[in-house]
Amino acid sequence: MISSAVITALLLGQPTEGTVPGPGATEVPVQPAAPAITEPIPAPSYDDLLRRIEALEKTAEERTPPPAARSTAGAFTQNRFNPDLSIIADVAGVGTSITDQTAQTLAVPGFLDQSDRGGKLRGINFNYLELAFNAAVDPYFDFFGVVTIAPAEVKVVDVEEAYVDTRQLPFGFQLRIGKFLSAFGRLNGMHKHYWDFYDPPLVYEVFIGAEGLKNPGLRVSWTAPVDFLLQFNFEGYQGVVDESPTFNAVGYDLTAPNGAEFSSKAPFVPGLYVGSIKTSFDFGDHVFLAGASLMYGHSTQTRIQDPPTEPDMAFSAPGTILYNGELTYKYLISSYRSLTWQNEYLGRISNGDLAQVSSDGISHATVDKKQGGFYSQLVWRFDEPGRWRMGARFDLLTQNSITKDGVAWNPYTVNGVSQPLHNLLQRYTAMLEFSPTEFSRFRLQYAYDRSRFLDGVQKPIHEVLLQMNIAVGPHGAHSF
Amino acid sequence: MKPMMTSFLVATAISFALTVSAQAKTKIVVTYPYIASLVGEIAKDQASVTTLAKGDEDPHFVVPRPSFIGKLRQADLLIINGASLEIGFVPPLIRQANNPKIMPGAEGFIDLSQFVDLIEKPDKVSRSEGDIHPEGNPHFILDWHNVPAVARTVADALGRADRGSSGVYQKNLDAFLARWKVKSAEWDKQAEPLRGKAVIQYHRLFDYFVLRTGMKIVGELEPKPGIPPTSRHLEELIESNATGTVYMVVTDPYHERKSPEGLAKKLSVPWAVLPQDVEAVPAAKNIFSLYETLLASVLK
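Quick mapping for you: the protein sequence lines, in order, are chains A and B. Okay, so the first sequence: first residue is 1 according to this note's numbering, each after it adds one. Okay, so the second sequence: first residue is 1 according to this note's numbering, each after it adds one.
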């Protein structure tokens with residue numbers, strides 16, 4: 001072992017003064033020579049070198065011991081087939097202008113009866129530990145899996161994603177099978193740690209849910225053979241989604257104080273479909289990304305409280321549509337600096353039966369919802385090594401039209417009284433981010449939230465937080 | 001009516017034929033301009049080449065533009081540098097391109113780093129050492145004696161993707177290698193006066209070039225790969241290199257210039273921006289002028 005290194009060094013590493021590594025040197029690897037180049041050794045003659053090689057080879061042969069019996073314990077170990085494993089952890093210190101108890105009862109009237117304050121409790125929030133796996137299954141499939149070990153208080157292990165992608169389908173098709181995040185919109189398909197802000201935009205929170213839409217299902221995607229991006233996705237899902245403000249696809253039972261009962265028929269499954277189209281063009285260093293998505297399914301929303309503080313109700317609307325339009329513009333200033341302006345509009349069209357409990361029994365009415373809103377954000381990566389970013393986001397719910405049997409009505413009630421419908425509910429967010437490397441990141445974020453109501457009265461909230469996110473293991477992809 | 005019909009048919013036939021012949025051209029996507037230059041030398045006009053990165057971009061931080069997906073979707077061949085240089089942008093693009101021809105493991109996926117000997121392979125890998133490459137230093141193209149092996153790999157891949165023209169590729173390769181032999185000898189001779197000279201570089205980028213010219217590297221401005229220079233580290237560099245021992249400070253076109261310039265001033269030595277790729281600086285127009293520019297920059 002030693003001798004061969006020495007020989008190589010002697011042969012290759014010490015070109016003598018005036019000796020040009022001529023044409024023959026073309027194939028000569030540089031590597032073994034590297035350490036030797038700088039050491040001053042007197043130039044030996046060719047014959048000298050040959051003699052030394054022979055001598056060294058002889059010693060090497062003499063010194064080589066007979067092959068010893070090696071341990072066979074590892075004969076069947078297959079470690080090298082293990083998948084790539086990354087670990088992502090997220091923790092944040094949070095300060096808010098209202099107590100946690102009050103915060104959870106905050107409503108976004110007509111959109112949400114309660115606010116999900118996950119990750120925004122006062123003090124230190126351990127948000128998640130995520131394990132991400134990927135490997136080729138065989139020549140036909142790639143596997144991806146993400147397991148989330150979520151907050152200590154909930155103690156849940158959630159299979160966030162687990163799916164296979166085909167590798168061999170022809171004509172630009174790809175099939176995805178398993179449980180995965182939908183390609184709806186720009187943000188839904190992205191894991192949280194790729195988001196530019198700590199929390200999802202308001203429109204995502206009120207229509208899809210803070211966790212994004214992920215479900216067991218199947219996706220067919222087709223990429224067009226053109227020099228820009230043109231991609232179509234069609235997804236079919238089971239449609240039973242926990243904690244989605246729009247699609248839950250669960251049956252429900254209502255019981256009135258006078259004993260009247262109503263049981264809904266559970267929605268047909270699989271029953272959630274998503275279609276999306278994405279396109280992207282470059283004009284030099286100016287990149288545009290646009291897309292449109294549509295989600296179609298059976299919307300069910302219930303408010304069943306025990307004990308009831310407000311009257312129980314259940315809404316069932318087959319044929320509910322969530323739609324989305326997205327537009328992102330990115331200016332690539334240099335290798336490290338960029339400016340990104342990202343916008344998404346989300347809307348909901350829903351028409352169905354509302355069953356409502358009152359002292360007289362259960363009444364039914366037709367409820368029609370047309371709601372929507374958008375966010376617009378600007379993120380600037382501004383320093384030369386690309387470690388600092390700053391950004392601002394504006395959230396606005398622009399449309400909030402709900403009618404019950406043709407009359408304006410708000411499902412948000414206080415002491416049984418339907419509240420006035422508000423639109424133009426808004427939130428302002430700003431952030432400053434420092435990433436020492438691609439594997440660690442600190443983010444300071446401030447938000448002024450004017451979208452929440454407490455007991456029918458608008459309750460503006462100030463939030464300040466400092467987040468740390470780390471990624472350990474294989475190098476992740478840079479996000480666009 | 002009839003002549004119109006005929007002319008319409010003829011026009012359709014011609015446009016169809018044109019489409020077919022356009023499609024028949026092998027579509028090649030490469031990650032860096034030097035690979036495009038080599039493909040150009042070997043394929044001449046037999047292939048259409050798309051380059052993802054620009055020469056003056058940091059090769060580690062190429063933005064994965066979504067339009068690259070459409071280009072990869074149509075590729076017959078994808079040629080990458082390899083050794084994790086593209087790890088941040090190529091894998092997600094391949095995953096979305098839905099093109100089995102260029103999936104890792106397929107015949108149309110070529111990783112050039114597998115055909116050369118890499119230096120500086122770390123014994124142990126830990127991210128506490130910065131942005132290190134477990135496979136070894138990936139900037140192997142900066143040694144002109146690595147080019148023939150890379151050119152042969154490219155010609156071989158082209159020949160397999162387009163068997164009808166493999167003879168032409170072989171002929172072009174032979175012509176290229178013959179020219180290269182002459183040029184290499186010239187460059188070897190030009191590099192002679194550089195032997196033994198010490199340089200400080202920004203990132204572990206020019207190691208292959210420095211070793212080939214017989215120079216030696218006495219430090220990097222980055223305390224660890226990928227970590228920006230700190231004033232403390234720069235002071236250490238100045239302390240450990242007494243005036244007169246360092247020949248030159250070299251950097252790349254995409255990092256900030258303040259630190260290398262400041263260091264060079266403190267050490268009273270010249271500093272230079274070296275191209276790490278074709279098109280990194282205006283003078284480095286192709287694979288030949290890349291080395292001419294490199295040598296000229298350090299010989300002044």
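If you are wondering where the hints come from, they were derived from the structure by calculation, not from laboratory data. Mixed in with the good hints there might be a few duds.
[As the list claims (entries may be wrong)] Below, computed lysine to aspartate or glutamate pairings styled on DMTMM-like, alpha-carbon distance capped at 20 angstroms:
hint: 1; chain 1: B; residue 1: Lys258; chain 2: A; residue 2: Glu438
hint: 2; chain 1: B; residue 1: Lys258; chain 2: A; residue 2: Glu205
hint: 3; chain 1: B; residue 1: Lys124; chain 2: A; residue 2: Asp383
hint: 4; chain 1: B; residue 1: Lys265; chain 2: B; residue 2: Glu292
hint: 5; chain 1: B; residue 1: Lys54; chain 2: A; residue 2: Asp84
hint: 6; chain 1: B; residue 1: Lys224; chain 2: A; residue 2: Asp285
hint: 7; chain 1: B; residue 1: Lys101; chain 2: A; residue 2: Asp383
hint: 8; chain 1: B; residue 1: Lys266; chain 2: B; residue 2: Glu220
hint: 9; chain 1: B; residue 1: Lys258; chain 2: B; residue 2: Glu236
hint: 10; chain 1: B; residue 1: Lys216; chain 2: B; residue 2: Asp117
hint: 11; chain 1: B; residue 1: Lys54; chain 2: A; residue 2: Asp282
hint: 12; chain 1: B; residue 1: Lys54; chain 2: A; residue 2: Asp138
hint: 13; chain 1: B; residue 1: Lys54; chain 2: A; residue 2: Asp227
hint: 14; chain 1: B; residue 1: Lys224; chain 2: A; residue 2: Asp84
hint: 15; chain 1: B; residue 1: Lys101; chain 2: A; residue 2: Glu384
hint: 16; chain 1: B; residue 1: Lys25; chain 2: A; residue 2: Glu384
hint: 17; chain 1: B; residue 1: Lys101; chain 2: A; residue 2: Glu438
Treat the numbers as computed from the prediction; the structure is a model and nothing was measured.
Discussion item. Run the distance test for lysine 266/B versus glutamate 220/B: straight-line Cα separation, threshold 20 angstroms.
Written reply: 15 angstroms, holds
Worksheet item: Is the straight-line distance between the alpha-carbon of lysine 258/B and that of glutamate 438/A 20 angstroms or less?
Response: 23 angstroms, violated
Worksheet item: Under the criterion that the straight-line Cα-Cα distance not exceed 20 angstroms, is the pair lysine 25/B, glutamate 384/A satisfied?
Response: 40 angstroms, violated
Worksheet entry | lysine 265/B paired with glutamate 292/B [C-alpha distance capped at 20 angstroms] | Violated, at about 26 angstroms.
Worksheet item: CA of lysine 224/B to CA of aspartate 84/A, is that 20 angstroms or under?
Response: 25 angstroms, violated
Worksheet entry | 20 angstroms limit on alpha-carbon distance, applied to hinted pair lysine 258/B and glutamate 205/A | 45 angstroms, violated
Discussion item. Check the hint pairing lysine 54/B with aspartate 282/A against an upper bound of 20 angstroms on the C-alpha distance.
Written reply: 14 angstroms, holds
Practice prompt. Would you mind confirming whether the straight-line C-alpha gap from lysine 216/B to aspartate 117/B stays at or under 20 angstroms?
Written response: 19 angstroms, holds
Worksheet entry | Hinted pair lysine 124/B and aspartate 383/A, Cα distance within 20 angstroms | Cα-Cα ~32 angstroms, so violated.
Discussion item. What's the verdict on lysine 54/B and aspartate 138/A, does the C-alpha distance respect the 20 angstroms limit or exceed it?
Written reply: 35 angstroms, violated
Item to complete: For the pair supplied as a hint, lysine 258/B and glutamate 236/B, confirm whether the alpha-carbon distance does not exceed 20 angstroms.
Response: Given that 20 angstroms is the threshold and the Cα spacing comes to 17 angstroms, the pair holds.
Worksheet item: Regarding the pair lysine 54/B and aspartate 84/A, is the alpha-carbon distance no greater than 20 angstroms?
Response: 30 angstroms, violated
In summary, the numbered hints that this structure violates are 1, 2, 3, 4, 5, 6, 7, 12, 14, 15, 16 and 17.
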